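Enquirer: Residue numbers (the working numbering), protein chains in the order written: chain F, 384 to 716; chain S, 384 to 716; chain E, 384 to 716.
Don't take each hint at face value.
All copies of an identical chain are treated as equivalent in the list; a pair is satisfied when it fits inside any one copy or across any two copies.
Said to hold, decoys possible - The list that follows gives simulated cross-link-like pairs (lysine-lysine, BS3-like), each with its CA atoms no further than 25 Å apart:
hint, residue 1, residue 2
1, 590, 604
2, 563, 474
3, 474, 645
4, 638, 501
5, 410, 422
6, 590, 546
7, 501, 474
For the record, the hints were derived by calculation from the structure and aren't laboratory data. Computed from a prediction, not measured in an experiment: that's the story for all the values here.
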Amino acid sequence: MHGDFLSTAGLSRDELESLIESALRFKSGTDQSKPLAAKSVALVFFNPSLRTRASMQIGVYELGGNAVVLEPGGTSWTLEHREGAVMDGDKTEHVAEFVRVLGRYGVAIGVRTFAALKNWDEERTDPILNAFAKYSDVPIINLESAMHHPCQAMADMMTVREKLGSGRKRVLLTWAWHPKPLPMAVPNSFALAAAQMGHDLLIAQPKGYELDDELISETRKHAGAAGGSVTVLNDIDEAFDGAEVVYAKSWGSRKFYGATEKDIAERAQYRSQWIVDEGKMARTNSAIFMHCLPVRRNVIVTDGVIDSPSSVVIDEAENRLHVQKAILKELIH
Amino acid sequence: MHGDFLSTAGLSRDELESLIESALRFKSGTDQSKPLAAKSVALVFFNPSLRTRASMQIGVYELGGNAVVLEPGGTSWTLEHREGAVMDGDKTEHVAEFVRVLGRYGVAIGVRTFAALKNWDEERTDPILNAFAKYSDVPIINLESAMHHPCQAMADMMTVREKLGSGRKRVLLTWAWHPKPLPMAVPNSFALAAAQMGHDLLIAQPKGYELDDELISETRKHAGAAGGSVTVLNDIDEAFDGAEVVYAKSWGSRKFYGATEKDIAERAQYRSQWIVDEGKMARTNSAIFMHCLPVRRNVIVTDGVIDSPSSVVIDEAENRLHVQKAILKELIH
Amino acid sequence: MHGDFLSTAGLSRDELESLIESALRFKSGTDQSKPLAAKSVALVFFNPSLRTRASMQIGVYELGGNAVVLEPGGTSWTLEHREGAVMDGDKTEHVAEFVRVLGRYGVAIGVRTFAALKNWDEERTDPILNAFAKYSDVPIINLESAMHHPCQAMADMMTVREKLGSGRKRVLLTWAWHPKPLPMAVPNSFALAAAQMGHDLLIAQPKGYELDDELISETRKHAGAAGGSVTVLNDIDEAFDGAEVVYAKSWGSRKFYGATEKDIAERAQYRSQWIVDEGKMARTNSAIFMHCLPVRRNVIVTDGVIDSPSSVVIDEAENRLHVQKAILKELIH
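Here chain F stands alone, though its shape is the one from the complex (with noise of 0.2 Å):
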């Protein structure tokens, strides 16, 4: 791995079970090294946080390091990230004075921006992720742009591994009902990262709520190559049977991007059919609930399941801290 930390893309199948197993030596113990010592990490943050600010500045603490979190528009200047912007709006400061700078203090730049859902064909591309990337001398490092979340997706393989072993898993990526349209960044990389890990994965939703067609076609090539499946289904008990891994997950409709009440109405009939409960949880192989959190109790999923043995949601957010270490050290050296 060199260079950034954008999304699973890039990386082969063996550095993704690197990453993993460097994480696992991180949980362990067993790795103690301080990659960091002296250094200094820059944290952005565009949007709230807990895990991810959290586990990041408590990650870079841990390898020796120091952690500095600025946020933009906030404690910090309004940003421009378009290449040849006359400036004379509200943007303060460009992205390329902004990361170059950061480089010039740090190792790395941590970076999270989501999407604005107001235009999809436009934030699909992470243009603001990209400026970062494209003007930065030091790593970037992607805590959740508009297309991808691929640190979560990195400590839900891990996890997936801890919990289950090695190997091929019958994977749901299933929908849920939540009162607004949220990003697709963590269903994305789910969906690619397991692709990758080449597990079989069922994406369930309701039609309307396709996730992004090239990513679709992209997940599909790397489960392919790598022996797995991915298979889209639009019935939500069928879509549980023989699961092993429930992964749920809300996120808004592309059709209604930007039209959030139109989204609202239109996904109001899902509310109570699309909830992950006890009944639905009864039809897998003794799956694991997942979920990146935060996550609306009652709402996406019961009390009842969240609160159960087959919960790992705790684990999977403790995972981050070590997958972010292990992505740390494999990027600063």
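Chain F is fixed; fit chains S and E onto it per the hints.
Expert: Chains S and E only, in chain F's frame:
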């Protein structure tokens, strides 16, 4: 001491004395131990803070550790604390997940969550703080809740001992006018701890500004057991006679709890009469002047008093650092 | 150097040179000293920041210490600075307590407090910064006040020396159009420090955009003493002839101070004429291009100039880190 640090109520006199002695060793430099080496502590702020934020971050650092600050609703997600809630409103994450995840990243969680000043019957039970304690696998430290501010009370008791020596003192907790109703956590915890330490506690406040009945009853029980006493007065001038400690604090009326405008109208009559000024201090037995800060000058206390040699407010604030290091050391080992 | 670091005005030429040499030792890695080991520094931000926030936090860390960031009115309390104030309004804490408490927790306090752009006669006296200095028992470091930005000016002087060597240079400080009036701290401190270092300083600005009279008069005095000169011009093109340093910066008009809309109307006529572009740079003596950042591209300076080899803005920003370490080392020993 074990488990959480939510109030001083569960600690014995010996445990309180032992914390103060530990704090004095940190202050003198005798104790240079680093019980938090390579460990992280999460500090969760629902409300603004200066002393608590700075002294906790620095205390953790001086103990060898790493503090991570999170602000629910600001830099982090909004939090639901009610068991069984159907989370289809504006709260994004449940305390159950929030604290369990933080417990995987760090060894303790500090939390500041002020009274909302809306519903006394609910807030007096400290629902958010207690949800943190209920779900957490690591110690919870109360950095001021609706009902208690035990770190402040410990710094207060340490300051009394430093300035006046061990033994029973005549301690006045006196209400003061403030432009708006404030929470009762500081007077509650001060009263409780002063009683636990065996002091003779006088509480002076206008009629209608009584502290919580159960808190006062518990305070009287502790005073009895420790050989001290609790007296409640409504006469501000008499209250100062012979006092060795004057502790000023404004708080809201339970009668007008949630009815801010009514409390403001009610309290207007007390403004000039209830300020701590040179005349009142002259009636004391050379009392020290204390306040938890922030303090509104020439509203709660005159410049003449707070800038006089009898004012110990800066020492009191400094002691927050030392006593919190003692608490952290006791909780984490 | 002793006491506070509020502006460069009180420092001798030798002291300025000595700071630059210390900064160069930090930059080259020759100086690895940790004068802040086990010590904490409070950084107080009333305003947003990137470079200052990141470089101060990292500088403190690299010197062995711990930085604590506070935001009055945000994560911390609102602050009153007026002596004798009756605090019955919206300010929660007085600077007197705020800085004295921080002085017990840490060894220095940095503070950023921009001009409010309302009342020049008041703001030019830097009332908030001076209240910090007045009440503090530990050194105060000015991280940009209404009147001065001395850390920036020191980084600027270091950059000129690095790029062009020691000795007297022809230095142009040139006003630029910006969609709204900005504070004058950066041009003030740059002009002052350039004069103190003995450069030939040209200040180019439209009529009505003169810097503070007393500041200019002080700058002329320093220039005289150091063997340099100060010239004020209103002709933007002529100003560039033979310049070795071009330092661009926008600022507001004192004439329209507090009258934003009038300043915006007045300045409209200068937009196209006062931008730093390739044509103007061609008139210089191969000048380097400098700006404190953040900079609005294609408004203050064209992409062509800021992306050219003559642009040293990223080096200039990097030097903030090194020079601030030199300042901290000098203040804390």
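Enquirer: Could you run down the list of hints and mark each one as holding or not?
Expert: Structure-based check of all given hints:
1. 590 to 604: The answer is within: 23 Å in one copy meets 25 Å, while 66 Å across copies does not.
2. 563 to 474: between (28 Å within a copy, 12 Å between copies)
3. 474 to 645: between (30 Å within a copy, 22 Å between copies)
4. 638 to 501: within (12 Å within a copy, 43 Å between copies)
5. 410 to 422: both (22 Å within a copy, 14 Å between copies)
6. 590 to 546: Answer is neither: 32 Å inside a copy and 62 Å across each miss the 25 Å cutoff.
7. 501 to 474: both (18 Å within a copy, 23 Å between copies)
Hint violations for this structure: number 6 only, all remaining hints satisfied.
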